[in-house]
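Build the full structure now, drawing on both the sequences and the hints.
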Amino acid sequence: MNEAIKNYSKDYFIEEMKNEVTGFVNDELITLLPTIFQRIGSNRFTLNDLYRHYKQQGGQNQDEDEIKHLLILLYEAGYVGQLIPTQVKNGGQRKSVIFKYRNPSSQVDLMQTFIVHQGIQAGLGVRIH
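Its first residue numbered 1, the sequence shown is counted upward by one per residue in the UniProt record's numbering.
Calculated from the structure, these hints are not laboratory results.
All residues carry an ideal CB built from backbone N, CA and C; glycine is no exception.
Hints are not guaranteed to be accurate.
Stated by the list, open to error - If you anchor each label on the Cβ, the simulated ranges turn out as follows:
id : residue 1 : residue 2 : range
1  : Val88     : Leu110    : 20 to 26 Å
2  : Glu28     : Gln87     : 38 to 44 Å
3  : Thr22     : Gly92     : 22 to 28 Å
4  : Asn26     : Asn90     : 42 to 48 Å
5  : Gly58     : Gly91     : 26 to 32 Å
6  : Asp65     : Arg44     : 19 to 25 Å
7  : Glu28     : Ser96     : 29 to 35 Å
8  : Glu20     : Gly91     : 18 to 24 Å
9  : Lys68     : Arg39     : 17 to 23 Å
As structure tokens, then:
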């Protein structure tokens with residue numbers, strides 16, 4: 001069963017993610033996207049993580065604004081969500097996971113931590129923590 005999920009994730013979901021942003025950001029960035037997520041090594045990341053790993057992969061043509069635009073597109077399409085800190089009754093904090101498809105009125109906050117959708121985690125080999 002896990003192998004079937006991994007294959008579906010690789011063969012369909014990841015390709016669909018790339019197709020979703022084609023024409024909106026540079027092709028080099030789209031091609032590197034799965035590798036960037038793998039190099040981050042976690043299902044959680046920040047805008048700075050995304051930009052840093054893009055540069056480490058030899059990305060040359062994008063400025064930070066295009067990386068921001070990509071992240072907004074991925075959020076709007078539901079491929080990434082946000083981890084938003086919320087207060088709990090005892091005065092502590094917990095993180096709420098927000099995906100656009102679950103909360104259509106949500107707005108992306110580029111200063112928050114992002115999370116990769118579980119549907120693409122298996123195909124990328126990204127570990128959950």
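Check: Which of the numbered hints are not met once you compare them with the structure shown?
Finding: 3, 5, 8
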